[in-house]
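Residue numbers (this note's numbering), protein chains in the order written: chain A, 275 to 411; chain B, 275 to 411.
It is possible that part of the hints are untrue.
[To be verified] Here are a few chain B residues that face chain A, going by a calculated C-beta distance under 7 Å: (1) Val316; (2) Ala353; (3) Asp354; (4) Leu358; (5) Tyr405; (6) Ser407; (7) Leu408.
[As the list claims (entries may be wrong)] Ranges of calculated distance between the beta carbons of each label pair, as one might list FRET restraints: (8) B:Ser372 - A:Gly325: 38 to 44 Å; (9) B:Leu408 - A:Lys342: 21 to 27 Å; (10) A:Phe329 - B:Leu358: 24 to 30 Å; (11) B:His368 - A:Gln324: 45 to 51 Å; (12) B:His349 - A:Glu331: 57 to 63 Å.
[Unchecked claim] Below, a list of computed lysine-lysine pairs in the DSSO-like style, where the Cα atoms sit at most 27 Å apart: (13) B:Lys342 - A:Lys409; (14) A:Lys404 - B:Lys342; (15) A:Lys342 - B:Lys404; (16) B:Lys409 - A:Lys342.
Derived by calculation from the structure, the hints in this document are not laboratory data. Cβ coordinates follow ideal geometry from the N, Cα and C atoms, glycine included.
Number of protein chains: 2
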Amino acid sequence: MNNSMTEGSEPTLTDKFQRGNVLASSCPSRSILQDVTSRWGVLVLFALLQGTHRFSELRKAIAGVSEKMLSQTLHALEADGFVLRTAHPVIPPHVEYSLTDSGHEVANRVEELVNWIEVNINPILSARDKYSSLKSD
Amino acid sequence: MNNSMTEGSEPTLTDKFQRGNVLASSCPSRSILQDVTSRWGVLVLFALLQGTHRFSELRKAIAGVSEKMLSQTLHALEADGFVLRTAHPVIPPHVEYSLTDSGHEVANRVEELVNWIEVNINPILSARDKYSSLKSD
């Protein structure tokens, strides 16, 4: 993966002409970012890093997601090529969801963000308490 | 920062009892994740990595954001301790927004995700085209 721009170095010509720009509202990279960071998208990618899951297993793993929202989220991630849906031709139907190679790459980055938040939850909650007590003074 | 769990190693006792779990609906880490990955939150963090901005500069940098949504987003990120709001006592009022240390840490992870999407936009868009042509067959 080309990470040359993460360090603040000058973008190459290829970067300039071929990469997206999420700050521009018309750039399709923004809708991809929204699929990945949607309320349930981020949790589906995170959960699928643990391996292949059936729909019902995903619903159980991600507390609070409705059948409809999980279905919509999986469709969007499948359309972007991040999730592979495999339907086994058996009765009753057996459908499994897993990450593709690019799904793994994007999910790894989601995981780093999630892990950072999970590990740093206590100082963040302290900041929240401090903020709300300042605001109520 | 403790990143010991990102490599799939066994969590320590401290990790087990002190870190959040975004897959549990009642865990406050989930609402922090939502502030960070909200439609505009992710773009505000990304834009603030470039440095301190005034409100009007942020609105210009993030195409499409409304005054109301930018204000709500900045409030949420300020409450979590990620964004520092500095009001200079001058006339007319001069308010600046910047990342705190923890804001930098979380924004760096957002940036890695954004960069990956921006750099990989072409294969992702090809996957989308392939998916929609398969679905319309």
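Each hint, compared with the structure:
no.	hint	in the structure
1	Val316	holds (5 Å)
2	Ala353	holds (5 Å)
3	Asp354	holds (5 Å)
4	Leu358	violated (11 Å)
5	Tyr405	holds (5 Å)
6	Ser407	violated (11 Å)
7	Leu408	violated (10 Å)
8	B:Ser372 - A:Gly325: 38 to 44 Å	holds (40 Å)
9	B:Leu408 - A:Lys342: 21 to 27 Å	holds (23 Å)
10	A:Phe329 - B:Leu358: 24 to 30 Å	violated (43 Å)
11	B:His368 - A:Gln324: 45 to 51 Å	holds (49 Å)
12	B:His349 - A:Glu331: 57 to 63 Å	violated (37 Å)
13	B:Lys342 - A:Lys409	holds (19 Å)
14	A:Lys404 - B:Lys342	holds (24 Å)
15	A:Lys342 - B:Lys404	holds (24 Å)
16	B:Lys409 - A:Lys342	holds (19 Å)
The structure does not agree with the numbered hints 4, 6, 7, 10, 12 stated previously, though it agrees with the rest.
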